[in-house]
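**Q** Each chain, written out:
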Amino acid sequence: KQEVTQIPAALSVPEGENLVLNCSFTDSAIYNLQWFRQDPGKGLTSLLLIQSSQREQTSGRLNASLDKSSGRSTLYIAASQPGDSATYLCALRQTDSWGKLQFGAGTQVVVTP
Amino acid sequence: NAGVTQTPKFRVLKTGQSMTLLCAQDMNHEYMYWYRQDPGMGLRLIHYSVGEGTTAKGEVPDGYNVSRLKKQNFLLGLESAAPSQTSVYFCASSYRTLYNYGYTFGSGTRLTVV
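Protein sequence lines correspond, in order, to chains Y and E. With this note's numbering applied, the first sequence closes on residue 113, and no number is skipped along the way. With this note's numbering applied, the second sequence closes on residue 114, and no number is skipped along the way.
A couple of the hints might just be wrong.
As the list claims (entries may be wrong) - Here are the simulated distance ranges between beta carbons:
1. E:Ser67 / Y:Val110: 19 to 29 Å
2. Y:Gly41 / E:Arg44: 12 to 22 Å
3. Y:Gln81 / E:Gly3: 35 to 45 Å
4. E:Asn73 / Y:Gly41: 20 to 30 Å
5. E:Ala56 / Y:Gly16: 29 to 39 Å
6. E:Thr54 / Y:Ser65: 15 to 25 Å
7. Y:Gly16 / E:Lys70: 16 to 26 Å
It should be emphasised that the hints constitute simulated quantities derived from the structure, not laboratory data. Note that the coordinates shown come from a computational prediction; the quantities given were computed from them, not determined experimentally. We treat Cβ as the ideally placed atom computed from N, Cα and C, and that holds for glycine.
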C-alpha cells in the first residue's frame, strides 16, 4: 500500500527566506504527483503537477522536483512572503486509478513579516 | 462562479442521527470524489464516481453511502452518525484529458458528531 509522508508537519520562517517542503512515498509506480495549497476554510488549489517522466516543474517562485527512484518530491518556494502562509499538500496519482489521489498529511507553513 | 459547491458548510449531529452532504458542480465534469480530512492524516478517499449512475468505494467507505443520480450532483450519506465520523469533508470533481485529470475542490463541510 502506498504511504505518503510530509516532513516537517509545520514550519515557520521569516519573510524572504526560501521554503523547502518535502514529500516522500513508498511505491514508485506513480502516474504523477501534484502539490496543492490549502487555505483555512477553503478548498485545495493545485500549484504544480509533475508527470512521472519529468524531473521538475516550475511556476513563478515555485519549483517542484521529483525523484521516483528514491520516492521523493520537494517543493521550493523562493523568497517567501506572508501570503505564502498556508498548508501545502502533496498528492500522488497511481496508474489506472480513475483519477483517485493519495495525499500526504501536509506541511503547515507560516511566513512572518 | 463555476466550481464545486458543498452544502452545508457546518453541521453538528448527535450520535445515531443521519444526514446527507450535497456536492454540486457546474463544470460538466465526469468524475467526482468525496474525501475526509482528519488532523495529521491528510485527505482520505471515501467514495468516488466516474459518471452519472456509477459509484465505487474508496479507502475508507464504511459508514457512508453515496449516490450520483445526476451528473452534476454527488451525495454523501451518513445513515447512523458516529463520533469517529467527526471530520472535514471535501468534495472534488475532475475532467480527464488524454494524460491528466484537472481537479476542482469544494471548500469543505465541517461535521461534528457528539
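**Q** State the violated hints by number, sorted upward, taking the hints as numbered earlier in the document.
**A** Of the numbered hints, 1, 3, 5, 6 and 7 do not hold.
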